[in-house]
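Based on these hints, arrange chains G and C on the given structure of chain Z.
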Amino acid sequence: MEGRKLIVTIPLLLFFIAVFSVPPAAFGRKVAFPRKRMPKPCMNLVFYFHDIIYNGKNAANATSAIVGSPEWGNRTILAGQSHFGNMVVFDDPITLDNNLHSPPVGRAQGFYFYDRKDVFTAWLGFSFVFNNPDYRGTINFAGADPLMNKTRDISVIGGTGDFFMARGIATLMTDSFEGEVYFRLRTDIKLYECY
Amino acid sequence: MEGRKLIVTIPLLLFFIAVFSVPPAAFGRKVAFPRKRMPKPCMNLVFYFHDIIYNGKNAANATSAIVGSPEWGNRTILAGQSHFGNMVVFDDPITLDNNLHSPPVGRAQGFYFYDRKDVFTAWLGFSFVFNNPDYRGTINFAGADPLMNKTRDISVIGGTGDFFMARGIATLMTDSFEGEVYFRLRTDIKLYECY
Amino acid sequence: MEGRKLIVTIPLLLFFIAVFSVPPAAFGRKVAFPRKRMPKPCMNLVFYFHDIIYNGKNAANATSAIVGSPEWGNRTILAGQSHFGNMVVFDDPITLDNNLHSPPVGRAQGFYFYDRKDVFTAWLGFSFVFNNPDYRGTINFAGADPLMNKTRDISVIGGTGDFFMARGIATLMTDSFEGEVYFRLRTDIKLYECY
Numbered sequence: 001m002e003g004r005k006l007i008v009t010i011p012l013l014l015f016f017i018a019v020f021s022v023p024p025a026a027f028g029r030k031v032a033f034p035r036k037r038m039p040k041p042c043m044n045l046v047f048y049f050h051d052i053i054y055n056g057k058n059a060a061n062a063t064s065a066i067v068g069s070p071e072w073g074n075r076t077i078l079a080g081q082s083h084f085g086n087m088v089v090f091d092d093p094i095t096l097d098n099n100l101h102s103p104p105v106g107r108a109q110g111f112y113f114y115d116r117k118d119v120f121t122a123w124l125g126f127s128f129v130f131n132n133p134d135y136r137g138t139i140n141f142a143g144a145d146p147l148m149n150k151t152r153d154i155s156v157i158g159g160t161g162d163f164f165m166a167r168g169i170a171t172l173m174t175d176s177f178e179g180e181v182y183f184r185l186r187t188d189i190k191l192y193e194c195y
Numbered sequence: 001m002e003g004r005k006l007i008v009t010i011p012l013l014l015f016f017i018a019v020f021s022v023p024p025a026a027f028g029r030k031v032a033f034p035r036k037r038m039p040k041p042c043m044n045l046v047f048y049f050h051d052i053i054y055n056g057k058n059a060a061n062a063t064s065a066i067v068g069s070p071e072w073g074n075r076t077i078l079a080g081q082s083h084f085g086n087m088v089v090f091d092d093p094i095t096l097d098n099n100l101h102s103p104p105v106g107r108a109q110g111f112y113f114y115d116r117k118d119v120f121t122a123w124l125g126f127s128f129v130f131n132n133p134d135y136r137g138t139i140n141f142a143g144a145d146p147l148m149n150k151t152r153d154i155s156v157i158g159g160t161g162d163f164f165m166a167r168g169i170a171t172l173m174t175d176s177f178e179g180e181v182y183f184r185l186r187t188d189i190k191l192y193e194c195y
Numbered sequence: 001m002e003g004r005k006l007i008v009t010i011p012l013l014l015f016f017i018a019v020f021s022v023p024p025a026a027f028g029r030k031v032a033f034p035r036k037r038m039p040k041p042c043m044n045l046v047f048y049f050h051d052i053i054y055n056g057k058n059a060a061n062a063t064s065a066i067v068g069s070p071e072w073g074n075r076t077i078l079a080g081q082s083h084f085g086n087m088v089v090f091d092d093p094i095t096l097d098n099n100l101h102s103p104p105v106g107r108a109q110g111f112y113f114y115d116r117k118d119v120f121t122a123w124l125g126f127s128f129v130f131n132n133p134d135y136r137g138t139i140n141f142a143g144a145d146p147l148m149n150k151t152r153d154i155s156v157i158g159g160t161g162d163f164f165m166a167r168g169i170a171t172l173m174t175d176s177f178e179g180e181v182y183f184r185l186r187t188d189i190k191l192y193e194c195y
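Chains as they are written, first to last, in UniProt numbering: chain Z, 1 to 195; chain G, 1 to 195; chain C, 1 to 195.
Partial list, derived from the structure: chain G residues whose beta carbon lies under 7 Å from chain C: (1) 68; (2) 69; (3) 113; (4) 115; (5) 123; (6) 142; (7) 143; (8) 153; (9) 157; (10) 169.
Dumping the calculated EDC-like pairs for lysine to aspartate or glutamate here, alpha-carbon to alpha-carbon at most 16 Å: (11) G:117 x C:51; (12) Z:117 x G:51; (13) C:117 x Z:51; (14) C:57 x G:71.
Think of the hints as simulated: they come from the structure by calculation, not from any bench.
Just so you know, even glycine gets a beta-carbon here, dropped at the ideal spot from N, CA and C.
Next up, chain Z with everything else stripped away, as it sits in the complex (with noise of 0.2 Å):
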């Protein structure tokens, strides 16, 4: 009697797994999808990152470059209308603090632009490269950044080596600016998918 009543209760239970597991679709406009659970992270970290974007003056210094900019700008200055079209190639620094001079763990590589022409705003794609004995490989980023909010968040969208397969949400904040030369980003990465 006792396994009878197993068998009857494992089909029920899987039935509540699959409904529960299963989120609400939403269809067209109407939105109704109560987070159904919010999971916690495998892996959190933290990291600052330096830009000093190349002006004509500093070249020994630069870790960026403006390599595209609209029929209006050029690629020293970034443009008006809030750098709208300015594009930049980056080989930045990561620190464990926000100190420009802490020894780097690794490079933080790749490209932005701005892309909005009333307010700041920008879209980054790049990569988090490690090569030491603490981290080795690489975190790949990719989205929107906001950046006159105070905290902007971001995909992981993959990662090698020790960051095999890696997926979460990076949160951007700006840390320090000077002008439009330098500007330093604090990077919290909560991943939520670990192998």
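Then chains G and C, alone, in the frame of chain Z:
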């Protein structure tokens, strides 16, 4: 006895689940992957976005601008050879229907470039950015856009906020275009991984 | 009695599954992630692609072109300082072997840019686009390419068609190069998430 039968049944069940969830490996050129299962989307969304390319005369209305071109091109007129090498940065309004003048529900922000000489073909990296009572968060996209095809599939590579950790497919359709200045894309988003 | 034993056994089983599926969280700089499991790929693919950069003289054969450069560069010759800041758009043939003249099975379409001043290093965003009886669909890639290394791992960030929702790792190897005009990359794709 019933219980005993069950003890046998469960491992068998697990065994079958295991066997049928592992897709057959395909090596080299031999491809043998009968689609195991075509999952149902956990979220369906349909949006339109509208791109007005800066052409030297429409500064007030333009939502995008050419920021890169091959040596034989410039940044006010899309280049010959199917615009090969033209790179465009955009900040386009997103609407729920196909009317450019409908109230925008978000912004499509990112870049695309033309990457074929013999037929119009592009590659896109961008985000849908929402910040309203219905949706808050971003959806990030990347992929090839052979835009002469009626439909083209690109990848949803991540999401934040209401679209936390989203993955899926976006199907693009050119809904309308006017010369080389305006085009409208219908975007059918199907998410297959939701949290 | 057997049934009762089972009632005890199943929650225990679920408990162990739960415990061992949660990877250990790593906080801050402390990294402690013994690889829980190194999964087997669900798909292995090997391809070659061939890039011929436009240099002002090879318009007929070129498959790619410089579309962005730093202020100190131009769009017909790769810039000094390890080509830092040069951005290239490409539409390269994909072959099954290392012969440029083998029948192409698809196109590698996307962009790369050089992003280090002191050593040749690039960052790539691109798709493999297939449309033939063997493969139909796209695989999307992004990641850092420190191209002086023998092998470099980038991320498979998504896929469509036969590669629906793919995730994995692609290992790049420079198979050959001629001056600064031609290079050939071997790409070993291992997918760890297949549908």
